[in-house]
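**Q** Given the structure of chain D, go ahead and fit chain X onto it with the hints provided.
As given, the protein sequences belong to chains D and X, one line each in that order.
Residue numbering for the first sequence follows our numbering, starting at 1 and increasing by one per position.
Residue numbering for the second sequence follows our numbering, starting at 1 and increasing by one per position.
Treat each hint with caution, since some may be false.
To be verified - The calculated lysine-lysine pairs, modelled on BS3-like cross-linking and capped at a C-alpha distance of 27 Å, are: (1) X:Lys204 with X:Lys217; (2) X:Lys127 with X:Lys71; (3) X:Lys70 with D:Lys171; (4) X:Lys258 with X:Lys274; (5) X:Lys127 with D:Lys171; (6) X:Lys274 with X:Lys217.
Unchecked claim - Reference listing, derived: stretches of chain X covered by chain D, where coverage requires no fewer than 3 residues with Cβ under 8 Å from a Cβ of chain D: (7) 2 to 12; (8) 47 to 56.
These are calculated hints, taken from the structure and not from any lab test.
Note that CB positions come from ideal geometry on N, CA and C, so glycine has one too.
Here is what each chain is made of, one letter per residue.
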Amino acid sequence: MFQRIFAIFRARNIEFVRDRSSLGWNIIMPVVLMVGLSFIFSGGDRAEYTIGVLHSGETIDETAHPFLRTRYIDFVVVNDESEGFRKVGRHQLDLLVQLDNPPRYWVNPDSPKGYFAELALLQAFDGQIEKGQISGEAIRYVDWVLPGILGMNMMFSCLFGVGYVIVRYRKNGFLKRLRATPLRSIEFIVAQVASRLVLILSITAFVFVGTKFFLGTRFEGSYLVLLLIAFVGATALISMGLLIAARVTSEELAGGLLNLVTWPMMMLSGVWFSLEAADDWVRQVAAVFPLTHILNAARAVMLDGAGLADVAPQILALVAMSAVFLALGAVMFRWHPR
Amino acid sequence: MQIALEARHLVKQYPDVLAVDDLSFQVRQGICFGLLGPNGAGKTTTVEIMEGVTPASSGEVWYFGEPAGKKFRQEAGIQFQNTALQDFLTVRETLDMFQTLYDRKADIPHIIEECSLGELLERDNRKLSGGQRQRLLLAVALVNKPRLVFLDEPTTGLDPQARRNFWDLVQQIRSEGTTIILTTHYMDEAQILCDEIAIMESGKIIAQGNPDELLRKQYRNVVIELPLEDVSGDLSNLQHRILETQGIIEIESDDVNKTLQELAIHVHGLNRLKIRQRNLEDLFLDLTGHSLRA
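Bound-form chain D, shown alone (with noise of 0.2 Å):
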């Protein structure tokens, strides 16, 4: 049994090996993961939590307060007081404080990072601290975190979902079969985005509607602006996959190339957390992706009721994505390896 087991071992150990795209790639992954991830949060006192300080300065004197010198908190300038309202209440501030005599906060009643930010200014200041009402409604993290979640489901769909299917069909011969039809590549690659689009618009539509209908999510704006957006996000990210997978033969490269661009998504595209307090370097490369944009302009829509003219760089930001990603992956196509 041992035997048969070790030579099965072996063959795949050999096969990994000498398959050396693939080799290589699981090599520089992680390399390229370590190297960015300990730049962008490079310091060692990664914040946990992001604080607004409401005043009229450009930068804060951290020697007016012991508190703002405390670790793993961010603290920013906040200088129009209902941003500032409107930033707790979309967690993208945990707390805003106001350091004037007396001093005073502000706090999101729904925000798990919130009530712990609170406790450590509430002891920073003995309590001596006043405790503003934020005008306007606070929404729930579950309302806030919802486009991340069909966000990023909607990326991994339509980059797996696509480019790792279309390594596929080329290992195993295939799309050589399709090339010997009439069937142009532009023909193909339409087709796969179109049969992407309605699968992940679909799946996207249903988990919407039952959280509407089961938890109650808020949503502000228009249904059909959110499709817009929901559409033009998942042709960007299809089309992302297709240019991936142009030329790819090993699943397992196409596995490593597709996590490359996953997780910088997932980490930097505000999915789970907002991005307010990032530097202004990270937001541009953050900016470079499709999910950010696609959350954003969801965000805006179905927490402050945006129109289709307040996210329309948002969609042209997408849709000139789709444009670069679909044409490039035309012309890199190939329905086989060389």
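**A** Same frame as chain D, now just chain X:
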């Protein structure tokens, strides 16, 4: 007879090997043309260039008097050596899907009957046997009512009965006027199915013509086979070419009666003696110096 397909000076150079070396030949309409050769001879590469799925390094393929293009794609049917079909689709769905890709449409019920797929229509592709799968792949190659069909090693891996059934099917298609280009390394298959063959070796054609004519031209003798253990004396005095392979003595003879009389002196008994006609295997061996499946 019109020329259905023509290869003009095809060359395929891979980084480390010249797979097809300035190959030119014509395939007449309505015949079954066999491209034969051992593994690595370049026949699959040649066929894939003609099918349009692999680009040639140089050279051209012409289809009914014009460079093979859109018309060729519409009118050619192709069965690859190894083709995966989409998982979870039934036989009927697979045929429908492929037929939709063509402007030319064959009568699907006729193909289903011809390829004996009637009882398999609702079966998942993954659950077909080897023979059933090959019949489906042939049916897929016929969905566009092709004028020309490529069959690349179509019976490799099939059991003898399934192979014979497949041959019947190919002969039926040919009888309907469809031109067939067959690659195979089974000589019996080529001899039964092909009107014309081209034998390939190292990317070149080393012989071409009707199988029977090629054999007649090359050979005027037959082969007498004997088990080695039945031979008691020294056969080196016989004025014949003698070969020994795997315990069998093969003696080439222009005059069977005379050779048998000579053999009677050196052999215990002639009960296990066989006389056979020359075949393509012999031809290939003589032309190249090695066995077809070496």
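**Q** Of the hints given before, which are not true for this structure?
**A** 2, 7
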